[in-house]
Amino acid sequence: MNAMVAPADFSQIDEGGATTLRFTGCLSLAYIGDVPQRLEAVEARVDRLDLSGIDHIDTIGAWVIHRFARDSGAKVEGLDPDAQHLLDQVEAADQPVRMRPDRTPAFTRVLGEIGEATIVALKTLAGLLGFFGATLIAFANVIRHPHRFRLNAVVQRFEVVGVSALGIIGLMSFLIGLVIAQQGAVQLAQFGFETFTINLVGRITFRELGVLMTAIMVAGRSGSAFAAQIGTMKLTEEIDAMRTIGVSPMEALVVPRVLAAVIMMPLLGFYASLIAVIGGGLLCWIQLDIPPITFIQRIREVVPITDLYIGLIKAPVFGAIIAMSGCYQGMQVESDAEQVGSRTTSAVVQAIFLVIVLDAFFAVFFTFIGWD
Amino acid sequence: MKRGEPIIRVRGLKNSFGEQVVHEDLDLDVMKGEVIGVVGGSGTGKSVLMRSIIGLQTPDAGEITVFGEDTVDKEETETIDIRKRWGILFQGGALFSTLTVAENVQVPLREFYPGLNQALLDEIAAYKVVMTGLPPDAGPKYPAELSGGMKKRAGLARALALDPELLFLDEPTAGLDPIGAAAFDELTLSLQKTLGLTVFLITHDLDSLYAICDRVAVLADRKVIAVGTIDELLALDHPWIQEYFNGPRGRAATASVTREQAKG
Chain A
31 MNAMVAPADF SQIDEGGATT LRFTGCLSLA YIGDVPQRLE AVEARVDRLD
81 LSGIDHIDTI GAWVIHRFAR DSGAKVEGLD PDAQHLLDQV EAADQPVRMR
131 PDRTPAFTRV LGEIGEATIV ALKTLAGLLG FFGATLIAFA NVIRHPHRFR
181 LNAVVQRFEV VGVSALGIIG LMSFLIGLVI AQQGAVQLAQ FGFETFTINL
231 VGRITFRELG VLMTAIMVAG RSGSAFAAQI GTMKLTEEID AMRTIGVSPM
281 EALVVPRVLA AVIMMPLLGF YASLIAVIGG GLLCWIQLDI PPITFIQRIR
331 EVVPITDLYI GLIKAPVFGA IIAMSGCYQG MQVESDAEQV GSRTTSAVVQ
381 AIFLVIVLDA FFAVFFTFIG WD
Chain B
926 MKRGEPIIRV RGLKNSFGEQ VVHEDLDLDV MKGEVIGVVG GSGTGKSVLM
976 RSIIGLQTPD AGEITVFGED TVDKEETETI DIRKRWGILF QGGALFSTLT
1026 VAENVQVPLR EFYPGLNQAL LDEIAAYKVV MTGLPPDAGP KYPAELSGGM
1076 KKRAGLARAL ALDPELLFLD EPTAGLDPIG AAAFDELTLS LQKTLGLTVF
1126 LITHDLDSLY AICDRVAVLA DRKVIAVGTI DELLALDHPW IQEYFNGPRG
1176 RAATASVTRE QAKG
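Chains A and B, in that order, give the protein sequences. In terms of the numbering used here, the first sequence is residues 31 to 402. In terms of the numbering used here, the second sequence is residues 926 to 1189.
Treat the hints as calculated values from the structure; they're not laboratory data. A quick note: this is a predicted structure, and the numbers were derived from the prediction, not measured. Using N, Cα and C, we set each Cβ at its ideal position, and we do this for glycine too. Be careful, since some hints might not be right.
Pulled a few chain A residues facing chain B out of the computed Cβ check, cut under 7 Å [unchecked claim]: (1) Trp-93; (2) Ala-113; (3) Leu-116; (4) Arg-128; (5) Ser-365.
Lysine to aspartate or glutamate pairs mimicking EDC-like chemistry, simulated, CA-CA at most 20 Å apart [unchecked claim]: (6) B:Lys-957 / A:Asp-112; (7) B:Lys-1076 / A:Glu-368; (8) B:Lys-1118 / B:Glu-1157; (9) B:Lys-1118 / A:Asp-85.
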């Protein structure tokens, strides 16, 4: 094919009471142009389609001819054997084919979607509970058969979940401490209480923000990674392979991840709180002229040790939730790569949501038992 | 372009990944209208050769022309005219997972010919779906709902969407059952006859080679060591070729061809 090719065209010839459409040029996808539309606009009764003058025909041209012949009852003439064969093939392929899913009315569809979403939410909750149970059983099995404990896998997860996260969590906590102190100082200065900035920074970081922000960061870094790793392993049938060899995926994959998250979260949370306090202290020093030594002394006076305990009690629970929703969502991947993405998103959203809900419960609970 | 002229011409191709040289001084001609089978042991760079020809892999050296045009080091926009004229079936089908089968087939049509109206697009997709032997209810299905064989057929329907002159098939029968593989061979042959295709077929399947290939190119020692009909190749005394065609599997394939011919 080159620039010399003539585009497809046809002309109408009436002779002796019969109407013939005479086609010329190249009846192929690239050169068919507006022929399909013009054919639809032909109103006369056509008896014959004369194709002896065409240069080339492909399946799209053949389809257009076949469709017209089928709808108008016209006879096709003048094709060489190869082209006739092509037309026959296309004709044979003319069968009713479903193109798109059936449509339902918008109202029914919305109702259906609401129902489906509700069922999915309930099922996820039930599934997560079931998964929690399965994880506990796996832990029990590992405790009963300590040789099945995978120390290497756990240590490797320690590194991925904990050590590699030190940089980003440190930076994040430092900035949060700085911002809390700066904003607190501005507000408290209106009442002349800027020294209370120290109380604000110390208490909020140890009690709430240190662990909470760490949990969000770990959910984003590790929860998503768990879901994507396990989801991909499901797709490539690695998990099925494990089962057939007699390795329990719960013990080999879930236990090390949950354990790593449960152990690493308190350490990271404590580290985050310390760095946030350092950030706050730096700002107090620069902006409020409170020397570090005084800052530390005040922190020791105003932050009760129970604040630290609260943070350290919450952290492993958050870690378990993050790891379990990551692993659970990963295990739910069934069929294709798109699901790995959507399940990873669900894992992070679910983990952060559950962490915040539980944090609210913890806040009420600890206040109730008098740790305020 | 007349029959007998090379539609793909590869000269002095060199490909390497780090230290590992895959191709060196590789030459290959593919003639218009033929079905050429490319065989070679694992790791001899059959897929790399295909990727070089279709421009997914930039070779270290050498020249490649397709339809008489140079494809090496070209931007995607520069080779649009060539891209319209070939279709490629990747090993796993490589269907777009967020689109239905019908939409997958329509993607190249929409991309290259935005002027086509939806009704015609649907009709084209419909007869392509039927032509490649998919069941009529496959149109609205997503790739995840298809079996391996159906994915390949859907991939073939997409590769044929633009009525290409040149078709690349990367191990089309791998992973299919023998009946499905034979049906796929027949389908390839009948489409090739109907549409006058040139087919570049990478395969490990000896039955496919016997059934549909006009010529076979053997890749070994980083180059194409021989090209010819199977009989011509059998006359050579290269150890790998002899091992390949005269090994237990090769003999079985030859025997079945002989049986077929005896039956008439």
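Checked hints:
no., hint, in the structure
1, Trp-93, "holds, 6 Å"
2, Ala-113, "violated, 10 Å"
3, Leu-116, "holds, 5 Å"
4, Arg-128, "holds, 5 Å"
5, Ser-365, "holds, 4 Å"
6, B:Lys-957 / A:Asp-112, "holds, 16 Å"
7, B:Lys-1076 / A:Glu-368, "holds, 16 Å"
8, B:Lys-1118 / B:Glu-1157, "violated, 24 Å"
9, B:Lys-1118 / A:Asp-85, "holds, 18 Å"
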